[in-house]
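From just these sequences and the hints, can you work out the full model?
2 protein chains.
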Amino acid sequence: MAEPTFDKLKFDSNGLIPAVIQESGTGRVLMVAYMNAASLAKTLETGKTWFWSRSRQKYWLKGESSGHVQTVKRVTTDCDCDTVLIEVEQVGAACHEGFKSCFYRELRADGNLSEPIEQRLFDPAKVYGKK
Amino acid sequence: MAEPTFDKLKFDSNGLIPAVIQESGTGRVLMVAYMNAASLAKTLETGKTWFWSRSRQKYWLKGESSGHVQTVKRVTTDCDCDTVLIEVEQVGAACHEGFKSCFYRELRADGNLSEPIEQRLFDPAKVYGKK
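Residue numbers (the numbering used here), protein chains in the order written: chain F, 1 to 131; chain S, 1 to 131.
Do not rely on the hints blindly, as some may be mistaken.
Any copy, or any two copies together, can satisfy a pair, since identical chains are not distinguished.
Keeping only pairs whose Cα atoms sit at most 30 angstroms apart, straight-line, the calculated DSS-like set for lysine-lysine is [what the hints assert, rightly or not]:
no. : residue 1 : residue 2
1   : K8        : K58
2   : K42       : K10
3   : K58       : K100
4   : K126      : K100
Just so you know, the hints here were simulated from the structure itself, not pulled from any lab data.
All values reported here derive from a predicted model rather than from experimental measurement.
So, in structure tokens, the structure goes:
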């Protein structure tokens, strides 16, 4: 099969589209990261989530270091086709800080962040090695 | 109370941050839109979602025309503080196309979109007037 070109989708001026990653079943929003057309094609082809790292400027298989891969269950896009929503089964935890979801702190009305609202599931130093 | 400055959050080069809007209770992801610091402050202050429209370059109270407002239940941010997740109670439907969620079409492996995977809840022509 030829690689899809995703003509219907609107990538931004850097060729990226935000991907909201949601846990299938629980509905928990786990993370938001960015994909380009090639990483989105790889995600659909392999059934694992591949992103484009804006800070490292490289492709990134989620779970490559940690083993915490995401298996794709369904991909939808929104009315104006500038975001994708990817429902996944998450091995371990999504956040590199050790939490199930990257959204582990509340934003308070005064603009400050709360302490974590959930327990860490793993110690990042053990999973990713000491930095 | 002084308007919060959100020093912890990372707004992009246009001063915007993506906001994922999720229905409280069902966990359904309803839409993704953009906020600047002022619209985020207004959202936290009023308990209704206010966005910055990139296409129209203006503030936008969700539901202003349709009555389909969103009442904020909780706001969290992710580990790198460049996205907010807003859990809401949704009146009516979130999508201006008449669907509960803007994510009403699947993205297929060939890059094409499916037909709507859910029923329309309202007729946009009746809610927004004929264009």
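For each hint, the structure was consulted:
no. : hint        : in the structure
1   : K8 / K58    : both (24 angstroms within a copy, 26 angstroms between copies)
2   : K42 / K10   : both (18 angstroms within a copy, 29 angstroms between copies)
3   : K58 / K100  : within (24 angstroms within a copy, 36 angstroms between copies)
4   : K126 / K100 : within (16 angstroms within a copy, 42 angstroms between copies)
Figure legend: structure checked against the earlier numbered hints; every hint is met.
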